[in-house]
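Participant: Start counting at 1 in the sequence shown, then tack on 606, and there's your number in this note's numbering.
One should not assume that every hint holds.
[Said to hold, decoys possible] Derived lysine to aspartate or glutamate pairs resembling EDC-like cross-links, with alpha carbons at most 20 angstroms apart:
(1) 653 x 711
(2) 723 x 737
(3) 723 x 666
(4) 671 x 711
(5) 723 x 634
(6) 723 x 711
[Stated by the list, open to error] Estimated spans, in silico, between C-beta atoms of each pair:
(7) 760 x 730: 47 to 57 angstroms
(8) 716 x 667: 13 to 23 angstroms
(9) 616 x 666: 37 to 47 angstroms
(10) 761 x 655: 16 to 26 angstroms
(11) 765 x 725: 41 to 51 angstroms
(12) 772 x 729: 22 to 32 angstroms
(13) 612 x 752: 44 to 54 angstroms
(14) 687 x 752: 19 to 29 angstroms
(15) 612 x 731: 40 to 50 angstroms
Since the hints were derived computationally from the structure, they do not count as laboratory data. Using N, Cα and C, we set each Cβ at its ideal position, and we do this for glycine too.
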Amino acid sequence: MERKTTFSWPYFLMGILFILVSLAAFRDPGSSLVAIVYVFAFSAILKGLFELFFRRKLHEFTNQKSTLMMVLGVVDILIGIFFLFNITAGLVALPFVFAIWFLFDSIVGLLTASIYKLGSTGYYWFHIVIDVIGVILGFMLLFNPLTSALTLAFLVGFYFMMAGISLIAYAF
């Protein structure tokens, strides 16, 4: 690996920008939640498209069909479109939809986990553990929507802070 010897202004400036965004997110969680609605909408649409694509590839390689994966892909796309065109409703619904989506995704993951046994037993058990944790967290978020919303806003700030620090460190 080649050692970097020069200072990188683009990484440094991007790191400063990310830290400023994180401070704004911590200062104004409401704006963070609006940004989350947009990111969530686009992510849901992309995730749904990926699941539909993955379902087809899974069928090609394993000759098994997963109707649940197709349903999950369509649900993800519909959730994404809903949030994209209804920001206010998205803000109100975000904590509940996030919790329900978490639950639905984790339960479908548990129901389809047997497919992963064909590839790797280790990955199968990793998948099971992650999905069980997802179900537990989903119920926790469902019954405490304010905590769910504030957790989302905090995670945005935390992510930008960590990414900013990493970029600044990389600049040197």
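Participant: Broken hints, numbered, in rising order?
Facilitator: 5, 7 and 11
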